[in-house]
Amino acid sequence: MKKLMIFITLILTVFTFNIKAETLRILAEAGDEATLTIAAAQFEESNPGVTIEASYLGWDDFMATIKLKLADNNPPDLAHGNQGFTVDGTLIQNGLVIPLDEYADQYGWKNLFAEGSLAEFSWSDDGSTWGSGSLYGISPVAEDVIVYYNKDKLKSLGLSVPSNFAEFENALSVSNNAGELPIILGGADGWPIIHVWGLIEGAFVEPEQVRSWIFNAKGTEFKTSSRMKAAKKLEEMATAGYFGSDSLGIGYDDANAMFINGDGVFNLTGTWMTAQLNEGMGDNVGAFAMPRNSSGVAGGGSFALPWHISSKSSNPDLAAKFLDHLMSNDFVDDLMEIGRVPAQAPTINPTSKLQAEVISASNALVGANAKTFYTDWSTPGMYDTVTQELQKLIGGAASADNFMDAMAAESIK
Amino acid sequence: MGSMNKFINNRPHKKIDYSNYYFILPAFLFYIIFVLYPLADTFYTSFTQWSGIGEKKWVGLENYYNNLNDVKIISSIKHSFILIIFYSFFPIIIGLAIAGIMVRVKVKGIAFYRAILFLPQILSMIVVGIAWRWIYAPKGPLNTGLDFLGLDNWSRAWLGSFDFALPFVGLIGTWVMFGFAMILFIAGVQKIPTELYDAAKVDGAGPFAEFFNVTLPALKGEIIVALVFTVTLALRNFDLIYITTGGGPGTSTMIPSMFIYKKAFQMNQVGSASSLGIMLTLLIFTLISLILITLREKK
Numbered sequence: 046m047k048k049l050m051i052f053i054t055l056i057l058t059v060f061t062f063n064i065k066a067e068t069l070r071i072l073a074e075a076g077d078e079a080t081l082t083i084a085a086a087q088f089e090e091s092n093p094g095v096t097i098e099a100s101y102l103g104w105d106d107f108m109a110t111i112k113l114k115l116a117d118n119n120p121p122d123l124a125h126g127n128q129g130f131t132v133d134g135t136l137i138q139n140g141l142v143i144p145l146d147e148y149a150d151q152y153g154w155k156n157l158f159a160e161g162s163l164a165e166f167s168w169s170d171d172g173s174t175w176g177s178g179s180l181y182g183i184s185p186v187a188e189d190v191i192v193y194y195n196k197d198k199l200k201s202l203g204l205s206v207p208s209n210f211a212e213f214e215n216a217l218s219v220s221n222n223a224g225e226l227p228i229i230l231g232g233a234d235g236w237p238i239i240h241v242w243g244l245i246e247g248a249f250v251e252p253e254q255v256r257s258w259i260f261n262a263k264g265t266e267f268k269t270s271s272r273m274k275a276a277k278k279l280e281e282m283a284t285a286g287y288f289g290s291d292s293l294g295i296g297y298d299d300a301n302a303m304f305i306n307g308d309g310v311f312n313l314t315g316t317w318m319t320a321q322l323n324e325g326m327g328d329n330v331g332a333f334a335m336p337r338n339s340s341g342v343a344g345g346g347s348f349a350l351p352w353h354i355s356s357k358s359s360n361p362d363l364a365a366k367f368l369d370h371l372m373s374n375d376f377v378d379d380l381m382e383i384g385r386v387p388a389q390a391p392t393i394n395p396t397s398k399l400q401a402e403v404i405s406a407s408n409a410l411v412g413a414n415a416k417t418f419y420t421d422w423s424t425p426g427m428y429d430t431v432t433q434e435l436q437k438l439i440g441g442a443a444s445a446d447n448f449m450d451a452m453a454a455e456s457i458k
Numbered sequence: 032m033g034s035m036n037k038f039i040n041n042r043p044h045k046k047i048d049y050s051n052y053y054f055i056l057p058a059f060l061f062y063i064i065f066v067l068y069p070l071a072d073t074f075y076t077s078f079t080q081w082s083g084i085g086e087k088k089w090v091g092l093e094n095y096y097n098n099l100n101d102v103k104i105i106s107s108i109k110h111s112f113i114l115i116i117f118y119s120f121f122p123i124i125i126g127l128a129i130a131g132i133m134v135r136v137k138v139k140g141i142a143f144y145r146a147i148l149f150l151p152q153i154l155s156m157i158v159v160g161i162a163w164r165w166i167y168a169p170k171g172p173l174n175t176g177l178d179f180l181g182l183d184n185w186s187r188a189w190l191g192s193f194d195f196a197l198p199f200v201g202l203i204g205t206w207v208m209f210g211f212a213m214i215l216f217i218a219g220v221q222k223i224p225t226e227l228y229d230a231a232k233v234d235g236a237g238p239f240a241e242f243f244n245v246t247l248p249a250l251k252g253e254i255i256v257a258l259v260f261t262v263t264l265a266l267r268n269f270d271l272i273y274i275t276t277g278g279g280p281g282t283s284t285m286i287p288s289m290f291i292y293k294k295a296f297q298m299n300q301v302g303s304a305s306s307l308g309i310m311l312t313l314l315i316f317t318l319i320s321l322i323l324i325t326l327r328e329k330k
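Chain order of the listed sequences is W and R.
Just so you know, the first sequence maps onto residues 46 to 458 in our numbering.
Just so you know, the second sequence maps onto residues 32 to 330 in our numbering.
Please keep in mind that the hints were generated in silico from the structure rather than gathered at the bench.
Treat the hints with caution; some may be incorrect.
Unchecked claim - Reference listing, derived: stretches of chain R covered by chain W, where coverage requires no fewer than 3 residues with Cβ under 8 Å from a Cβ of chain W:
| hint | stretch |
| --- | --- |
| 1 | 166–179 |
| 2 | 270–281 |
Claimed, not checked - Using 25 Å as the maximum straight-line C-alpha spacing, the simulated DMTMM-like pairs for lysine to aspartate or glutamate come out as follows:
| hint | chain 1 | residue 1 | chain 2 | residue 2 |
| --- | --- | --- | --- | --- |
| 3 | R | 170 | W | 225 |
| 4 | R | 293 | W | 298 |
| 5 | R | 87 | W | 171 |
| 6 | R | 170 | W | 234 |
| 7 | R | 103 | R | 194 |
| 8 | W | 263 | R | 101 |
Glycine included, C-beta positions come from ideal geometry on N, C-alpha and C.
Extracted from the complex, chain W is given alone in its bound form (with noise of 0.2 Å):
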């Protein structure tokens, strides 16, 4: 027995001096649990002695506390934020975050990505100017409104997947005309229409334009001629029944599983709808990117929400070899295995059908750096005000002239 304790002690003062014990807490939109979960159990692997205490929050819950969060004396060292001076921007003011370009330089995150790319996580060291400036956050993962569609319903329409937006409008004239719903949209929780809109607007005006507006919105104009005709033509839309008299009293997760079980032609909204859709409807679900009026794609869309390291965090070394982990090439199959856009192109075959439309429609995205992000990033009081006219003018109490002045006004807040 007296030997048994010697042995024990002993093993166990050769582990503690051989490995430091380290913990990485980490605190994640829940949506990511499932990447989380399979990337920490690798770390964890490859470096011994490492800890992963990750906690995750739903995407409301998370929104309101997640500055709090890291304003307190003893934060996560890993957090997730999200794009526009509402969170990330409020962060880097307050000195809560640092910048990654160090780690980016070391690990050679650039280089992953196209030239500029990287402008959303990028802003001024005071947090007053973003779109340029020190890189402050990452993601390995990219998300982008496409078209998502029912394949039975547009064969026996005898339609196939538009090439043009003037293809997509006769699209959904004739699914209405043969008394199929053309869109399903869930307008009761409002941001499922920032999709629509962002589609819509990209369709119209040049996705650089929009996306000068978004990093800019005080200084940049919102009313051209271009977005006044896509505001008309989703009014023109709304006003034709392409989104059916239901939608405002439908919500998001409703309309998915509508979808699912064959309502709607098409479905307009994000790739992390994609695994989901591929569960419920197999191969009968197909996805396109949205073509433009004159030519090409676009839609809204961006990386996943950033990752950031706080500036009290005791071990920011460790936490940038997290994040180097999930950047790394090899974790890219794992994100294609549970289903998510990997924002590096991938190295295995897709897994399904869908995803290999959905990783083209993306890629197609990112060919055309027609990237449009989210409206409701442009200024703090914008998610409010983008909802709340757009289920106006989708519910026909506003006209397009009333969406677009309300926009203007907010923009210049």
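Assemble chain R onto chain W, guided by the hints.
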């Protein structure tokens, strides 16, 4: 308790025995920490510009001025007053009617029905909101029922309608609150001396005369309690709107408490949110005072 009594008795005699106040000290400490301190802090914050972290910047009355000049906030206060009709007046009228009927008619198993009618009051507002969202849904039971009755033209997305969302959210409030009013009034009715009803009958009073001359005056105290409670709820209500419509469609069901939440947690305007909170508190305080002053017993 014996030792405690000894402790108190051994103290030198003073005119007021302050030792009794020690008993409320624990509760009062909690009250200071969780009510008075946050209230004072909110009051101070309401004069500042503050993103929620970092320094508060003193701006004087600017937040109050901006709130009063914000058409969206003014219209949200109007919505609150409309909700008072649904959260307060309707439940009290229904509660009085039920109490009046129960005085005249003896129903078998009355305790069971009373419990059923009171049930909405004890459910969590979140549960109530989710259930009614389903009832009002485009393909929910309400519309299915209308279709079944051949009233297809009437069915619609109730909570997605600019005209119907507010009154239909209000009706949920009526459903939640009338059980409370009813229980209050039934209890009140039971303390009315039966001689009064006998005398009314002798004088030839019918059910309506009996109700207006005996039951209603006797329930004045209970009506005041019901008014204070339901009006307060109508004005500070948050969860029901948050769950059912989130203030939409557009701003058609927006109420001040939704703005407080949005300003504080979505827009980085904690100072402005605080000022709106203080304004809402003052509004509730004023209305309740008016109710008490107008309706109190005249000596």
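Per-stretch coverage check for the stretch 270–281 of chain R, three Cβ contacts closer than 8 Å to chain W: holds (count 6)
Agreement of residue 170 (chain R) and residue 234 (chain W) with the hint, judged by alpha carbon distance not exceeding 25 Å: OK: residue 170 (chain R) and residue 234 (chain W) at ~17 Å, within 25 Å.
Chain W over the stretch 166–179 of chain R, status - at least 3 residues with CB closer than 8 Å: Since three or more residues must qualify, the claim that chain W covers the stretch 166–179 of chain R holds, with 3 doing so at under 8 Å.
Residue 263 (chain W) paired with residue 101 (chain R) [C-alpha distance capped at 25 Å]: 20 Å, holds
Distance restraint between residue 103 (chain R) and residue 194 (chain R), which requires alpha-carbon spacing of 25 Å or less: 17 Å, holds
25 Å Cα cutoff - pair residue 293 (chain R), residue 298 (chain W): With a Cα-Cα distance of about 22 Å, the restraint between residue 293 (chain R) and residue 298 (chain W) holds, given a limit of 25 Å.
Agreement of residue 170 (chain R) and residue 225 (chain W) with the hint, judged by alpha carbon distance not exceeding 25 Å: Satisfied, since the Cα-Cα distance of roughly 17 Å is no more than 25 Å.
Holds or violated: residue 87 (chain R) to residue 171 (chain W), with C-alpha atoms at most 25 Å apart: 18 Å, holds
Checked against the numbered hints given earlier, the structure satisfies every one of them.
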